[in-house]
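Let chain P serve as the given structure and place chain Z on it in line with the hints.
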Amino acid sequence: MRRLILTFSIVLNLAFGAMILALAKKRELPHMVATPPESGAADRCSGRASTNHAPFVPIHANGFEWQTVASASYDEFVANLHAIGCPERTIRQIIVAQVGRDYARRKATLADAPGFWDAGPARIRATAALEGHQRALEAEQRALLLRLVNFDCLGEKQARGDGLIDQAILRFIFGPLPEDVTERVLAAMQKADAQVSQIERGANGLMLPEDEGQVAQCREHQIAELKQALTTSQFEEFTARSSGLNLMDHGMENVELSAREMRDIARLHATVFEMGQRPFDIFGSRDEPEEKAREFEAQLLGYLGETRFAQYKLGKNPAQSSAAQTAIAK
Amino acid sequence: MKSGRGLSVSLCLNLTLLGALALLSARRPHEIEAVPKPSAPVPDPDAISIPSVEPASAMHNTESRVALRWPQIESGDYRQYIANLRAIGCPEATIRDIIHAEVDELFSRRVKDLVDTVQYRFWDLLVSRQEFEDMVEEKHKQLNQLDDEREILLKELLGSAGTREGYRRDEAAFERETDQRRVLDFLPSEKLSGWLVMDAQFERARQELSDSEPRLEGKELQTRLQQLKEQQTRGCESLLSPEELVEYGLRTSKAAEIRFRLGAFEITETEMREVAAIEQRRAETRGGTARVQPAGPDTAIQDPDAQLKALLGEDRFAGYRLAQDTQFQEFYQVTQRLQLPEDAAVDAYAIREAAESAARAVKADTALSEEARREQFDALTHETEQALVSTLGSVGTSLYKNRWGQWFTAMGAR
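Chains P and Z, in that order, are what the protein sequence lines are. Numbered as in the numbering used here, the first sequence ends at 330 without a single skipped number. Numbered as in the numbering used here, the second sequence ends at 414 without a single skipped number.
Pulled out of the complex, with its shape left as it was, chain P reads as follows (with noise of 0.2 Å):
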């Protein structure tokens, strides 16, 4: 009875074997065409795109359109790009550019521009009308990636990695950080720059007090959101980079230093000329009021001593160094 039991409980256990591979199979078909043909992850992440010219296989597409998960409503293509297992990222990717064509779009095609001989005072009306809703649709599209995506598309046209140079540099000036931080750093930047910008087109290059108070308030908005993502030491060393590439052209290449001695002097220079409260302004546009400039050029002395200082003097001035020759020359 017993054998007999046996006998029929490993009959049993070969059918359901033969069962459960037989679904499996039939689940898996377009899982495992899908599977590159060799290249793979460490292809594409090292930036080689597979010298296999041989045409590719596409995945059995079992039925599955594209169709069915594109939407006309943002929503629903967010939503069934989800439900198809879309990461996050790719998302962003598709969804960022999709709202940016519709929206190119639709300003270009703004009912309100002027037109063809609308000259004089109709003119100037249609056209602030035309703006006025063109940046409306900026502001709308704006709302709608970061709700949609949580993407700020403020400034997200220096964002693109057109500027491999200037990415290069900036990343550079930020000193290391973590790849998150830096993204959120360069984001702050570039959306603070882009506000700025906007401000000085509005004006059309006559910046009223009011307008000037505005790039104030950006400029605060990004400081604070730079002392977010940085913690207070990486907030230094950025602003003393700053300062670093500011002097280097100013007087200091003159000067014989040891990295550490150039660290301090930027730090110096950091602290006196507030490079804190602009950090933006990293190749240093602005002209430096007199009474800082003497001030930080009382401490250098301080801390260089005479004849270190004379050869910063006449680094920086060389036309007016009569003096700091002398200094030298003792």
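No lab work stands behind these hints: they were computed from the structure.
Computed far set for chain Z versus chain P, every beta-carbon distance over 10 Å: (1) G194; (2) A205; (3) L322; (4) Q406.
Once the Cα atoms are required to be at most 35 Å apart in a straight line, the calculated DSBU-like pairs of lysine-lysine come out as: (5) Z:K191 <-> P:K107; (6) Z:K141 <-> Z:K112; (7) Z:K229 <-> P:K107; (8) P:K227 <-> Z:K139; (9) Z:K401 <-> P:K316; (10) P:K292 <-> P:K227; (11) Z:K141 <-> P:K316; (12) P:K107 <-> Z:K155; (13) P:K107 <-> Z:K254; (14) Z:K229 <-> Z:K191; (15) Z:K141 <-> P:K227; (16) Z:K229 <-> Z:K155; (17) Z:K254 <-> Z:K401; (18) P:K227 <-> P:K316; (19) Z:K112 <-> P:K227; (20) Z:K401 <-> P:K292; (21) P:K316 <-> Z:K112; (22) P:K292 <-> P:K316; (23) P:K316 <-> Z:K139; (24) Z:K309 <-> Z:K254.
For every residue, glycine included, the Cβ atom is placed at its ideal position computed from N, Cα and C.
Same frame as chain P, but now just chain Z:
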């Protein structure tokens, strides 16, 4: 004993396999997982109201639910990824968006790798100028190389349309079409469509010529481009009626640009078109390219200014001239910015004219001593400033002086 253990094992296996079978059967293949709602709302910084949209709670087309999931579409190999996206009917533009963003991220990482090699030497490099300059030069070369590599990779993967250059061209084509639609809004829609198709074809032909491999030499390229241009002109002429062609010629002439420079000058569209036609004839007469001479033996009628006066009347003709004066436009911009009455610009312009005229008189007065001249210039500058402040206000005067006030400060130095 042995068979007893074997039976136990086999029975356990029975149960396990049965469970597995039940689990597999329960998960039907043609079903996707529950659709999550869109990601949590993000605070809207500008409090912009967005047109409300129905929150999606399920796939739009439930009939088409299939087992395919994104991880099956995505691939470690770009070419496979693209093939998979095409296989499910993903639009080319979306494929380009996805791959472009992927490639950008990849190269961003490569920039990071490149910078990381010198990142920790920042301060050392800053004190060694030569080393710093060498590093900058080397990295510059490497970054340019990366830029080229990115473009080549994009071209390999997506064709010319997928490169950054391709994107720029697309943007330019879009802008071009928008402009053309504006210029040609007088055409019936079929004609406009025909024109746009033809224009796009010629634009593509121009691009192909410029991109042809091996590259055409400068002179040959110019000749071929010129031939294309002539071909396109002939094409346009065959598409448009003579009247439409005249309108197109007028709209694309320099004279039509006057409509952007008339500031506060009140003028109707019909008048503006007529003004542009007169100015176009004036330009053609000057350049010796006049095709149509105005009718009538009276030379006064042929004189463009006389025609403009006849069209606008004496007073408005003066206003038309003034509106195009760049010095007037400067004041006009200030009044616009501060929403001052239009007359303020006219008054401020008159103040400038009077001041400059007075300054010339002071300069020409040889009887004046140097000191007396200086005093007169100072007094004139002061008076002019007072007059401007009373017209434009102190903010307006300050705005004006910061942007265009060089003449103002230079007046005393004459």
